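Participant: Chain residues, written in single-letter form:
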Amino acid sequence: MTTILAIETSCDETAAAVVEDGRFMRSNVVFTQEELHRRFGGVVPELASREHVLGIMPAVERALETAGADWEQIDAIGVSYGPGLAGSLVVGVNAAKAMAFARGVPLVGINHLEGHVYANWLIKRDRWLGADGRRIFPEPRAPQFPLLCLVVSGGHSELVLMRQHCTYQVLGRTRDDAAGEAFDKVARILGLGYPGGPAVQRAVERLRDASGLLHVPPASQFTRPWMRGTYDFSFSGLKTAV
Amino acid sequence: MIAIHGAPDPWSPIETEPPIILAFDTSSTIGGVALCRGFEVLGEETWRVGGSHTAQVLPAAARLCQRAGIPPRATSIAVTATGPGSFTGLRVGASLGKGLAAALGAALVGVPTLDALAHQHRALTGTLVALVDAGRGQVYAGTYRAAARGLTRRGEFVVLSEEELIEHVAALSGAAWIVGEMWPERAQVLAALPKVRVATPAGTLRRPAHLAELGYARFLRDGPSDAAALQPLYLKRGDSRR
Ligand SMILES: [Zn+2]
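From first to last, the protein sequence lines are chains C and F. Residue numbers for the first sequence, in the working numbering: 1 to 242. Residue numbers for the second sequence, in the working numbering: 1 to 242.
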């Protein structure tokens with residue numbers, strides 16, 4: 001059994017987790033800075049970096065505590081090294097380096113996008129640990145190769161083909177904004193708040209009538225974010241149309 | 001009398017096994033690491049950082065530990081220079097310190113960079129103006145007076161332009177020494193002022209053994225800093241002006 005303490009500070013979340021054998025989550029702690037950045041309508045890099053400095057130790061300590069793990073059980077430290085905000089990454093990467101150095105365990109640098117992809121292998125604690133604290137068998141099946149992975153967030157929109165572990169073929173990606181970025185910008189234009197995804201969702205919910213039907217303008221008014229003949233996306237036209 | 005402001009005499013015999021201390025200074029393009037056993041200096045590295053602190057500081061710490069035959073996990077006090085200085089640089093040091101504190105349960109002690117630099121030059125008499133480069137022709141400056149109990153800081157840390165620095169130094173009463181980051185043109189202008197002397201180029205380098213010494217002295221006097229809550233001194237132009 002391999003137990004990894006993983007740290008992620010790419011953008012506006014200070015996060016730490018303890019994971020067994022790359023699949024079994026013993027803990028997953030995420031401190032979001034959403035509240036801090038909301039009034040600016042987007043992530044302010046300097047503020048994000050400062051918040052990571054304050055959040056990194058509590059996040060790691062809570063991840064270990066929730067997992068019931070002590071440092072002797074940690075076999076390696078994983079950390080996302082980018083892409084992301086340089087000032088934010090500095091905090092997680094240096095804290096992780098110091099931990100690996102101090103404990104004499106390997107440091108594994110992880111591309112942030114690979115992290116998104118491999119989230120699909122993770123199993124939540126209550127799905128592999130019973131109430132008696134014993135492992136539940138059989139464990140949920142792992143994703144099978146070849147597989148297609150759509151990575152969508154505030155920072156990226158990519159379509160990735162995987163034929164085996166750790167090999168990626170990017171079939172398509174956004175040519176301008178990421179999907180989440182488009183949501184943020186649209187929400188800002190419409191004065192709906194930040195972050196845009198949940199804000200737009202809430203606004204849409206208000207259009208639901210008593211029978212639960214949604215009354216939204218026909219989508220045909222908007223451009224499609226798919227670049228014909230490719231696997232690429234483009235969200236800037238959609239944003240302009242809104 | 002050998003004094004570090006209210007702390008025990010560093011030459012007094014100590015009965016208990018002194019703690020292993022690692023000190024990091026990443027405040028500017030000068031980087032430094034020191035390894036100490038209590039007040040005994042086992043080694044230090046200080047250098048002009050070409051690329052990033054992130055890639056250079058821990059390898060230096062590893063070399064020091066290996067040379068001294070001390071495993072990194074023996075560290076029980078981490079000292080970091082808290083600034084003022086480059087925000088990103090300071091966050092590297094804070095994150096390294098926090099990583100060690102989290103992984104080893106080590107105490108973390110934050111020491112202002114300019115205090116450590118003044119401490120390094122405490123044998124000089126009169127007024128001491130300590131400088132850290134702030135980029136774009138500006139400096140972070142701290143002003144100190146040598147007193148019987150040790151050095152006393154006068155006023156707040158400030159960010160000064162070239163002209164403001166000259167004004168500040170010219171307005172000091174009595175003899176003054178200028179120490180810390182310096183350039184030939186700046187040195188010539190400052191040294192031309194009456195009763196002002198500028199440290200030689202070797203004196204511009206910040207020596208992390210002094211940071212470790214002052215950090216340990218403050219640890220003995222005040223105990224550790226609140227590691228999770230420790231953050232750099234984010235001083236920018238317009239702040240803390242007198
Ligand atoms: Zn992401």
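Worth flagging that the hints you see were computed from the coordinates, not collected in a lab. Model, not experiment: these values are computed from the prediction. Incorrect hints may appear among the rest.
Among chain C residues calculated to face chain F with C-beta under 8 Å, some are [stated by the list, open to error]:
#, residue
1, 44
2, 47
3, 50
4, 62
5, 72
6, 82
7, 83
8, 85
9, 98
10, 102
11, 145
12, 148
13, 149
14, 152
15, 155
Each residue gets a CB set at the ideal place from its N, CA and C atoms; glycine is no exception.
Participant: If a hint holds in the structure, say so; if it does not, say that too.
Facilitator: Outcome of the hint check:
1. 44: Hint violated; residue 44(C) Cβ to chain F Cβ min 13 Å, cut 8 Å.
2. 47: violated (11 Å)
3. 50: holds (7 Å)
4. 62: Where the cut-off is 8 Å and the nearest Cβ of chain F is about 11 Å from residue 62(C), the hint is violated.
5. 72: Violated. Min distance 11 Å.
6. 82: Constraint on residue 82(C) not satisfied, violated at 12 Å.
7. 83: violated (16 Å)
8. 85: With Cβ-Cβ at 11 Å, over 8 Å, it is violated.
9. 98: holds (3 Å)
10. 102: holds (4 Å)
11. 145: violated (34 Å)
12. 148: Not OK, violated: residue 148(C) not within 8 Å of chain F, min 35 Å.
13. 149: Since chain F brings no Cβ nearer than about 29 Å to residue 149(C), farther than 8 Å, the hint is violated.
14. 152: violated (29 Å)
15. 155: The hint is violated - residue 155(C) has no Cβ within 8 Å of chain F, the shortest such distance being about 20 Å.
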